[in-house]
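Chemist: Each chain is listed here by its residues.
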Amino acid sequence: MNNKRTELKVSAIENGTVIDHIKSENTFRVFKILELEESKNQVYFGTNLSSKKLGKKGIIKISGKYFKPDEINKIALVAPNATLIEIKNYDVINKSRINLPNEVENIAKCKNPKCVTNNQNVNTKFKVITDHHGNTKLACHYCEKTFPLNETEFI
Amino acid sequence: MPLNLKTETQIIHFMINLKNRSLVSISDYNKEEIFKILEIAEDFEKDQRQHILNNYVIASLFFEPSTRTRLSFESAVQYLGGSIIGFASADTSSVRKGESLKDTILTVSNYSDLIVMRNPLDGSARFASEVSPVPIINAGDGSNQHPTQCLLDLYSIWKTQGTLDNLHIALVGDLKYGRTVHSLVQAMSMFNTTFHLVSPVSLKLPSSVKKWIKDAGLEYHQYTELNDVINVADILYMTRIQGERFPDPLEYEKVKNSYVLENSMLKNSKETMRVLHPLPRVNEISEDVDDNPKAYYFQQAKNGVYVRQALIAAILGLKE
Chain A
137 MNNKRTELKV SAIENGTVID HIKSENTFRV FKILELEESK NQVYFGTNLS SKKLGKKGII
197 KISGKYFKPD EINKIALVAP NATLIEIKNY DVINKSRINL PNEVENIAKC KNPKCVTNNQ
257 NVNTKFKVIT DHHGNTKLAC HYCEKTFPLN ETEFI
Chain B
608 MPLNLKTETQ IIHFMINLKN RSLVSISDYN KEEIFKILEI AEDFEKDQRQ HILNNYVIAS
668 LFFEPSTRTR LSFESAVQYL GGSIIGFASA DTSSVRKGES LKDTILTVSN YSDLIVMRNP
728 LDGSARFASE VSPVPIINAG DGSNQHPTQC LLDLYSIWKT QGTLDNLHIA LVGDLKYGRT
788 VHSLVQAMSM FNTTFHLVSP VSLKLPSSVK KWIKDAGLEY HQYTELNDVI NVADILYMTR
848 IQGERFPDPL EYEKVKNSYV LENSMLKNSK ETMRVLHPLP RVNEISEDVD DNPKAYYFQQ
908 AKNGVYVRQA LIAAILGLKE
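Chain order of the listed sequences is A and B.
Under the numbering used here, the first residue of the first sequence is numbered 137, with each subsequent residue one higher.
Under the numbering used here, the first residue of the second sequence is numbered 608, with each subsequent residue one higher.
You may find that some hints are simply not true.
Unchecked claim - Only pairs whose alpha carbons sit at most 20 Å apart, straight line, appear in this in silico EDC-like list of lysine to aspartate or glutamate:
| hint | chain 1 | residue 1 | chain 2 | residue 2 |
| --- | --- | --- | --- | --- |
| 1 | B | K877 | B | D897 |
| 2 | A | K281 | B | E737 |
| 3 | B | K818 | A | D267 |
| 4 | A | K281 | A | D267 |
| 5 | A | K250 | B | E737 |
| 6 | B | K783 | A | D267 |
Since the hints were derived computationally from the structure, they do not count as laboratory data.
All chains should be built: construct the whole structure from the sequences, respecting the hints.
Modeler: Shown next, in the form of C-alpha cells:
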C-alpha cells in the first residue's frame with residue numbers, strides 16, 4: 137500500500153464560504169480586496185494547488201462568513217469564473233460560479249485623475265465591457281474612459 | 608446647395624421627444640434625434656430672430672474660459688429673446704469659496720429653466736445632469752465630450768453635402784487628443800462614412816475611438832501625408848496640432864509644417880468638397896484658403912448659433 141500523501145488536507149468548515157477555482161495569480165488579490173488579513177474569522181487558503189480545470193488554482197475558506205452581493209461583485213472583478221460555495225452545518229447550501237456583473241457601483245476607483253468622481257463627492261459607476269481582443273475593461277459612467285480590469289483599484 | 612432631405616427627414620416624424628432631456632454626450636441622441644435638431648437649426652437659419660424664449664431664463668455656467676462656445680450660446684439665447692445669467696470663469700463664482708458642483712447646480716437650477724455648463728472635470732456634465740432638476744446642456748466637460756460642437760459639425764456637413772450618408776471624411780491633425788474629432792467619429796459612424804485619418808504617428812486616433820468605426824463595420828484608412836487625402840475627401844476636417852503634445856520637441860519641428868493646408872493644394876479636390884475646422888486655427892490653414900469657396904470654417908462657426916438655438920428650443924419643448 138502506498139502511503140505517500142499527494143494532497144494537503146485542510147479541515148472542513150462548519151459554517152462559512154469557500155471561494156474555489158481562483159486563478160493562482162489572483163489568490164492574493166482576492167485576499168486583499170476582501171481585507172481578510174484583518175479578519176477575526178478563521179481563514180484557510182492555498183495557492184498553486186493542482187487543478188484539472190486551471191492547471192494551478194487558489195482556494196480560500198472563510199469560517200462564519202457569507203458575502204453580500206457587493207462583496208461578490210468585488211470578487212468577480214479580480215477572480216472572474218471562481219466558484220463560491222456556501223456551507224452550513226458542513227453541508228453545501230449554495231454553489232455557484234461567480235460571473236462578472238454588467239455594472240459595478242462604488243467598488244472601484246476611476247483611474248482618470250481628472251474624472252469628476254476623483255474630485256467631487258460622487259459615487260463611482262462602471263460598465264463592465266469586453267473589447268475586440270477579448271480583454272475585459274471597466275468603462276466609467278461619468279468620464280467615459282476605459283481601463284483594463286486587472287488594473288482596477290478598489291475603494 | 609438645395610438639400611435632398613426626403614430620405615432623411617421623412618423617417619423622423621414619429622415620437623421624438625427631446626423635451627427636458629439633458630444633452631451630455633453625442634451618444635445620448637440617436638440618428639433620428641440628431642436629424643430633428645438639424646431640421647430645427649435649419650428653421651432658425653431661415654429665420655433667426657424668433658422670440659420664443661420670452662420670460663425664460665438660461666444659466667450659462669463656464670467654470671473655465673471659452674470664447675466661441677460661450678458667446679455662441681449667449682448669442683443663441685439673445686436671438687431667441689431669452690435672458691441669460693451666469694459666470695464666465697470659476698474665479699467669479701462661489702466655487703472659489705469651495706462650493707461643490709452639486710450645490711452650485713442645485714442652487715442655479717432654482718434661478719433658471721435650463722443650464723449650459725462648461726467644466727474642466729471629465730464627467731462633470733453627466734453628474735450635473737443627474738442632480739439637476741432642470742436640463743443640462745454640456746458645453747464641454749474637460750477632455751471628454753463637447754456634443755454641441757459635434758452637432759454643429761454635423762449640421763455643416765449636412766448643409767454642404769446635402770446628406771450625411773456615404774461620405775468620405777478626412778480628419779487631419781491631432782487625432783489623439785482632439786475631443787471634437789472623437790465625437791465626430793462617434794457620430795459619423797452612424798452614417799456609413801469612410802474615414803481618412805491623417806496624423807503624425809504619435810497622434811493617431813486612439814483604439815477606443817476606432818472601436819466606433821469597427822463596431823459599425825465601416826472602413827478607415829490611416830495616412831501621414833495630408834496630400835494623400837485631399838482629392839478623395841468630401842469633407843476635409845482640419846485640427847490644430849499643439850506642440851506641447853509632443854514628448855520630444857524635435858519630433859514636433861519635423862511634422863508641424865506637414866499639416867498646413869494651402870490654397871494651391873485644393874486645385875484637384877472635388878468641386879463639392881468643403882474645408883472645416885473647429886477653430887481657433889493657428890497656422891494649419893493658410894490664410895490664402897479663406898477666399899476659396901471651399902473654405903467653410905467661418906460659416907461653420909455661424910452654424911453653431913443656429914444649432915444651439917435649436918437645442919435650447921427643443922429641450923424647452925418650444926419646437927418639435
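Chemist: Each of the hints needs a verdict: does it hold here or not?
Modeler: Here's how the hints hold up against the structure:
{"no.": "1", "hint": "B:K877 <-> B:D897", "verdict": "17 Å, holds"}
{"no.": "2", "hint": "A:K281 <-> B:E737", "verdict": "19 Å, holds"}
{"no.": "3", "hint": "B:K818 <-> A:D267", "verdict": "8 Å, holds"}
{"no.": "4", "hint": "A:K281 <-> A:D267", "verdict": "13 Å, holds"}
{"no.": "5", "hint": "A:K250 <-> B:E737", "verdict": "19 Å, holds"}
{"no.": "6", "hint": "B:K783 <-> A:D267", "verdict": "19 Å, holds"}
When held up to the earlier numbered hints, the structure conflicts with none and fits them all.
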